[in-house]
Amino acid sequence: MSLVLIFTAVFLSRVLFLSISPSFFDSLEYLGAMEQTPLFQALKTVHAPAHPAFIVFSWFFNKLPFDDALFKTELLQAFWGFGAVIVFYLIVKKVAGARKAVLLSLILAFLPYIWLSSVNLVYEPQLVFFLLLSLLSGQTNKYFLAGLFWGLAFLVSPVALFSLPLTGLYLFQHKRKNFKPFIVWTTIFLLGAILIYKQVAGLKGEGVINLLTSGADLGEKMRVEGGLFFARAVRNSLVVYFHYLTVPLGIILLILALTEFRRNKKMRVVMVFWLGEFLYLNSVWHLGMYGRISLILTVCPVFLLLKTRDIWLKLIIVFLVFSSAHLVIPYRFRKTPYVLEKEYFYSLTEKPSIIISSYEEPYLKEILIDFRVLNSPRTDQEEIKTWIKKAQLEKGTVFITQQAVTTPYWQYDGMNFHLLSKRKKYSQTAGQQLMENLELKVFQLPYR
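Residue numbering for the sequence shown follows this note's numbering, beginning at -4 and increasing consecutively.
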């Protein structure tokens, strides 16, 4: 009975705090896809890599006859997030018993960005769910299912590829006699998933390579940045590590990791792989953004708490619940600047001539009359310059939103999923170039 109550509380922590407005800058693109008919058209409307499994499951769920697309899609992410906690519980229970499994599951459930992702329109809850389900299946010698669920995770996001060495190492160390079937089925489903990506996103040779490396061109980045590349990799990884795990828990896990590294030879190999992947993912994220892409790897350190005394685990849970609630609960009622802009422009009788970013376009395109969009595949810089000069002659002032000035660096992300670090290669945005050459006025919301 107590177990049911505990997991009911976890479930309610998801469904009661669904966001009133999506914060991630691709959310409206996803929502547009959910509302498309037929399904294949929905898959074609979003940019590569399209996240096929995320779109497909959400598309079908959105056909249920209740509420709007935003609520239904966020509710589905809450289900995925809750499911991930349950699967994590089953994994830990097999190696440490039910009591320890409950405590570690609560720690995972209330990590701030694991919780926050489960109340918003992002694909991470589904990704973590399938990755953990793959691990659980391998743990119970169901290698076909392990490969299938890993393939589904890869179809949610190619980032799943970076979980494979860790899952493979764990199964090799603990299930060595039956390890070959895992390799075979995972390879089969990986190849099948790549074919689906090629069909949906229209990927060819270079596109497939980018898919498998998360768009990383290490050689080019090292050439451009030199030693700064490695310094940033370390700096970014430290920031992400403590940002996602919190400083107190991050320090505890770091101490446990160093202790385990000295004592356990098997764990050394796993830790070295984990560290290499963590540094990689936090150094190659495009346009200077990092974080989020490595969120799945922050689940791994929680396993280090297996040997920790229950009293300490309970104290960690209390800390996480209160510190994460401070982040999640206010966020539940927060309107993003995109939504505030939409409400403000809708209230105006006379619409301004304005330049917006591609992330604002889904919110504003039905409201604004005279506008242009930056950072879109349809953007024509010369046409925009001509339009600006003409609009200035007719209206006197042409505005540009703050998002359009700073995109792609400073997109609004109310969850702070994306941390930012400008690289020399991306020193100036298209909006900044326009501001430099033409007299534009930066639009500021009159209220917050």
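These aren't lab readings, by the way, just hints derived from the structure by calculation.
Warning: the hint list may mix true and false statements.
[Said to hold, decoys possible] Listed next, the in silico DSSO-like pairs over lysine-lysine satisfying Cα-Cα at most 27 Å (straight line):
# : residue 1 : residue 2
1 : 360       : 384
2 : 89        : 309
3 : 360       : 170
4 : 436       : 390
[Claimed, not checked] Cβ pair distances, simulated, as ranges:
#  : residue 1 : residue 2 : range
5  : 11        : 423       : 38 to 46 Å
6  : 423       : 389       : 50 to 58 Å
7  : 246       : 381       : 27 to 35 Å
8  : 4         : 362       : 27 to 35 Å
9  : 222       : 431       : 28 to 36 Å
10 : 61        : 39        : 24 to 32 Å
11 : 254       : 58        : 49 to 57 Å
12 : 4         : 264       : 42 to 50 Å
13 : 264       : 237       : 22 to 30 Å
14 : 263       : 225       : 45 to 53 Å
Note that the structure is a prediction, hence the values are computed from the model and not measured.
Glycine included, each C-beta is placed from N, C-alpha and C at the ideal position.
Here is what the structure says about each hint:
1. In summary, the hint linking residue 360 to residue 384 is supported, as the alpha carbons are separated by about 21 Å, within the 27 Å threshold.
2. This hinted pair checks out: residue 89 and residue 309 have alpha carbons roughly 20 Å apart, not beyond 27 Å.
3. Of the pairs offered as hints, the one joining residue 360 and residue 170 is violated, with about 55 Å between alpha carbons and a cut-off of 27 Å exceeded.
4. Of the supplied pair hints, the one linking residue 436 and residue 390 holds, its CA atoms being roughly 13 Å apart against a limit of 27 Å.
5. Checked against the hint of 38 to 46 Å, the pair residue 11 and residue 423 passes, with Cβ atoms roughly 44 Å apart.
6. Between residue 423 and residue 389 the beta carbons are some 29 Å apart, a value that contradicts the proposed interval 50 to 58 Å.
7. The hinted window of 27 to 35 Å between residue 246 and residue 381 is violated, with their beta carbons roughly 56 Å apart.
8. About 41 Å separates the C-beta atoms of residue 4 and residue 362, a value inconsistent with the hinted range of 27 to 35 Å.
9. For residue 222 and residue 431, the hinted distance range of 28 to 36 Å is satisfied, since their beta carbons lie about 30 Å from each other.
10. For residue 61 paired with residue 39, a C-beta distance near 27 Å keeps the hint of 24 to 32 Å intact.
11. At roughly 51 Å, the beta carbons of residue 254 and residue 58 sit within the given window of 49 to 57 Å.
12. For residue 4 paired with residue 264, a C-beta distance near 37 Å fails the hint of 42 to 50 Å.
13. Between residue 264 and residue 237, the C-beta spacing of about 25 Å keeps the proposed range 22 to 30 Å intact.
14. Checked against the hint of 45 to 53 Å, the C-beta distance between residue 263 and residue 225 comes to roughly 22 Å, which is inconsistent with it.
In summary, the numbered hints that this structure violates are 3, 6, 7, 8, 12, 14.
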